[in-house]
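S.K.: Got chain A sorted already, so can you dock chains B, C and D onto it with the hints?
Protein chains: 4
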Amino acid sequence: MVVVMKINTSAEQIATLDKRLKASGYQTHLIRGAKRIVIGAVGDRRPVEPAELESMPGVEKVLRIMKPYKLVSREVQETDTIIKIGGLEIGGKKLTVIAGPCAVESREQLLSAAQAVRRSGANVLRGGAYKPRTSPYSFQGLEKEGLRLLAEVGAQTELATITEVVDEESLLTAVRYVDMVQIGARNMQNFRLLRAAGKSGKPVLLKRGLSATVEEWLMAAEYIVSSGNREVILCERGIRTFEDSTRNTLDLSAVALAKQLTHLPVIVDPSHATGKRELVGAMSRAAVAAGADGLIIEVHPDPAVALCDGPQSLDPGEFDALMSGLRPLGAAVGREL
Amino acid sequence: MVVVMKINTSAEQIATLDKRLKASGYQTHLIRGAKRIVIGAVGDRRPVEPAELESMPGVEKVLRIMKPYKLVSREVQETDTIIKIGGLEIGGKKLTVIAGPCAVESREQLLSAAQAVRRSGANVLRGGAYKPRTSPYSFQGLEKEGLRLLAEVGAQTELATITEVVDEESLLTAVRYVDMVQIGARNMQNFRLLRAAGKSGKPVLLKRGLSATVEEWLMAAEYIVSSGNREVILCERGIRTFEDSTRNTLDLSAVALAKQLTHLPVIVDPSHATGKRELVGAMSRAAVAAGADGLIIEVHPDPAVALCDGPQSLDPGEFDALMSGLRPLGAAVGREL
Amino acid sequence: MVVVMKINTSAEQIATLDKRLKASGYQTHLIRGAKRIVIGAVGDRRPVEPAELESMPGVEKVLRIMKPYKLVSREVQETDTIIKIGGLEIGGKKLTVIAGPCAVESREQLLSAAQAVRRSGANVLRGGAYKPRTSPYSFQGLEKEGLRLLAEVGAQTELATITEVVDEESLLTAVRYVDMVQIGARNMQNFRLLRAAGKSGKPVLLKRGLSATVEEWLMAAEYIVSSGNREVILCERGIRTFEDSTRNTLDLSAVALAKQLTHLPVIVDPSHATGKRELVGAMSRAAVAAGADGLIIEVHPDPAVALCDGPQSLDPGEFDALMSGLRPLGAAVGREL
Amino acid sequence: MVVVMKINTSAEQIATLDKRLKASGYQTHLIRGAKRIVIGAVGDRRPVEPAELESMPGVEKVLRIMKPYKLVSREVQETDTIIKIGGLEIGGKKLTVIAGPCAVESREQLLSAAQAVRRSGANVLRGGAYKPRTSPYSFQGLEKEGLRLLAEVGAQTELATITEVVDEESLLTAVRYVDMVQIGARNMQNFRLLRAAGKSGKPVLLKRGLSATVEEWLMAAEYIVSSGNREVILCERGIRTFEDSTRNTLDLSAVALAKQLTHLPVIVDPSHATGKRELVGAMSRAAVAAGADGLIIEVHPDPAVALCDGPQSLDPGEFDALMSGLRPLGAAVGREL
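Residue numbers (the UniProt record's numbering), protein chains in the order written: chain A, 1 to 337; chain B, 1 to 337; chain C, 1 to 337; chain D, 1 to 337.
Be aware that a few hints might be false.
Just so you know, same-sequence chains aren't split out, so a pair can sit in one copy or run between any two.
The calculated SDA-like cross-link candidates involving lysine to any residue, where the alpha carbons are at most 25 Å apart (straight line), are [as the list claims (entries may be wrong)]:
id, residue 1, residue 2
1, K93, R327
2, K93, V333
3, K70, Q115
4, K202, A304
For the record, the hints were derived by calculation from the structure and aren't laboratory data.
Chain A on its own, in the form it takes in the complex (with noise of 0.2 Å):
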């Protein structure tokens, strides 16, 4: 950690500084410069926030060294976390591409659709139950229904299932079900629910929040992972910013940026990024070329009447096209499909 003082900083100030410093387990070292102080604290036997060390007097400015999240950091682990489920690897080789609707809205819409993209070659199935939407109106789920149809269509079809769980309630109801649970966007820093994911004995996929930076995105599967958890999996669905011509704006930097600063699996959502049907196939080959581990996208037997999202959702013909296409950009990067 760094102290930056303010110009004209009283001895006095200085010295308390520096034995609360001290008293924290840090070594401290004086730096003399024209104007200013500055006072390197060197040791990380516990955390001090910058920011409780900015509210004292003659304080300008800390910044950090040391990076906030500690056991998603590369590191602390080099090498890879690779997350199995039944005979599939999440994190490995192979990509793993998770597809389906966005709602479970019926059996025959929910089996019509895996039957669908296991035909093309996906390994998860996708639906959800619990459905948070901006409207109070708007459909919000079959919930428990919804939960089991999920169970039965992917015994059924042989997927490995996830659904997104919206807090302690639906998350306790939801790993009796299914194989992962996902954390929406808007629930990223919903830290009692991520605390219980934490507990819950199931892989967690974390989307990102919509206006998260990469680090606080980790510092959300941190909490995870601290809980007892290791097994997340980070999702990039795009982030809010001025541009309105698409829903979101994917971040597919944060996607190679976090390969880089985390051993966790990172996919990516296309559909939720962009909010555009016939945007999600270069976005999704964007997606591999850039490092992701996988994709999830949303596929619906006949997207012109879903109950959410149909504007984004491709049908089965559109989804086999993209799996086709997908095949030989991850050759050309090394992966498989």
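M.R.: Just chains B, C and D now, kept in the frame of chain A:
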């Protein structure tokens, strides 16, 4: 609703869409332009999401005419909502000032803060018992013990009390101790919590999400009101932008705009918005001048040792000076303190 | 400057860096932490961009201690800069109000606007002669004829005048007709134009760029001042964010912050910031309460027929009401109108 | 155009608006809803800005149906524009790779860079002679001497050349030395420069502004094309967002979208977008996979001593490795290198 069709849409696609709109209870008007066809759909018996239509073949985009929120709209209720807590009226001529520490740390700390803010003219005591923190390694709040202290100190100083809740469990506990509950920025779209708050029987302070539009903020309020609780106070606390010299960007235009769009009271949190003690005074004055119904300000007896948000907390002397400056300013815009 | 080295940096890399820092005139201090080495570099005889060092092998990041701007900083000049134009003082106790139409359209329109704003108490007449427009098919301004009208009407109504310049040619022409020149948001980093303005001999109103940080804004002012012109007025006019219910997001925290960081006057443009006539009043009051030294407001004799920016222009009656409301508010914060 | 009237608009206000629309050459269609009246206006003989109508009494908002750009639109020209420079075709099946140093520093540096990038397969040599720098104290480029070196080294290595221009003067000078000119992000809405580039007779690489929407970017291209120059290449180089772990946020969805909206070639600058050498490879691959027609990459013989943008510059070995990796990837999406 206005549906813009793609260039070269077939007559069949138009007929299909027209049928769907009519089936949903709309009257339709076809407008043929030089290149495109546009369909005006009139009637709002039930909500159809524009996005649902955008997935239909031939549709380029759908423009919404009606606002998506209803109960919170000034079109439904012209007069200001005034919320009463004991003798206190939030949303009336008198400004509401909520003040106190970021987190309840101890009886001494809380009592000292409460006595100070009361002396300077605050109406409500704030104090966090459940703290959502970015790092799992930071102080997370005293929880129930914090609520107990808040109730005790509130009673002793005759101040109404408010605290943040983070899930249904903390909400159900908090309502037994405090006069108002707060839903934080990170939970603005925690729809489960919004619905629960709608049934809590206590006034709810709803902070705007870090990257929530004004419309989404009002939709979140609509969740609470449509669940049965009309006592919602909106709170602007800064949005996330590219600017990094302040913690967030305080959006006072949103305050003035919200006062026009909704009948609910709107207050401002200059402490979290700026993250800097030395900007809190100016932004408090600006908020009142912009038409805010009140302020929520962090005050700590000794910010230098605060367990959270020290850099933005005022000490009692600074808060007293702030309040003195607000009186003439309030008077200039027809408000009392 | 503080240089943070990567984990496992070689002794040779450290020696190379140390040598380069010393060659640039810095004294260096090596701090050895548990995992990393940090180098404190003291002295600021000549500017080395942190980025230049970040490209050296072994360097993880470089933290700047000194602010990158000098001449515009309060650290260099503590007292407020006051700019005099005839009897007018910009940056003093009296607020400066610049008002007039977005574009000069005709003598009648400009004279009518000028007489109205003068009657209500404005000090400076604005009127665009060179209009930067997003579309090549929009009205682009009367150019030299507009300047001529501005000079004539300014003289007739005894108002100082200001107009926007868009390149060196328009600057050289404008200075012959007006009292002050304005550099628009889109040209805030048009460094050629900044340097030319630094040699123009006229006060320069420098608008903040749509996505410029406060630091970049001050650096743009530094360009002008370091080219020889100390008479720079900063103007906050809204930044671009995700929020789309206002044209831009007015950043009043930046105004309060700029007043602390620089000695230059800071004014606010609520018209462009909000893009909505019905928000201009509230935001004008908020700006003055936040500490702004003045306002620039669009006023048109008949906004419904304005050739540009009609939706945000006040008519003379609205402007007069605004000015009346500002007087008591200004008094409450120690300013005169 | 669709005009939405306010609730309770008077018959007279509607008649006035209707008259104005008809006077502008529109046919109008009145749609009466339960609460509001909506007017559909058909015809596009001449451009009326929606904003002009929004200032009329009784109007709530105006929705545009037509896209505001024409000449650059795929609706006007379906087939891809291909720009020829000698044997080079930009926008065709073969990818264009522009490479070279941020700034021309010396003949040795430029020649060394040029020989390296040519050897690895680049088609165009870049080198800045006029450098827009945030600080007035940073290196600003060799100007004319830089252009001279660029022309000399381009001829010697048989590479086409490109350089940035910053105003009309530098443009007029540059066209005498180089094959293509570049308009930087900060000048994307320097409309004077755009018009001048439209008359320059050279292909223009137009970078997207830091906070420009895709629509504004295309409108800027429309300025150039409507001034007489059809040879415009769009370049995505990252937008400004809240994320600070990369210099900017590379918006590859905008690339895929632009390829659908316009017939102009679109290339990507991963160097400026990320600001980090270690992300340039992944983002180059992602750009090609997203459908970009080419790349512009910073390469310096010795990045550690570069006068600008060292941290994001590749050395010749890194660039060669990047090019090798791009070949199979290009092949997978039907492109050659």
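S.K.: Next step is simple, just say for each hint if it's right about the structure.
M.R.: A quick look at each hint next to the structure:
no., hint, verdict
1, K93 - R327, "both (13 Å within a copy, 21 Å between copies)"
2, K93 - V333, "both (10 Å within a copy, 21 Å between copies)"
3, K70 - Q115, "neither (41 Å within a copy, 41 Å between copies)"
4, K202 - A304, "neither (34 Å within a copy, 42 Å between copies)"
Going down the numbered hints, you'll see the structure goes against 3, 4, while the others check out.
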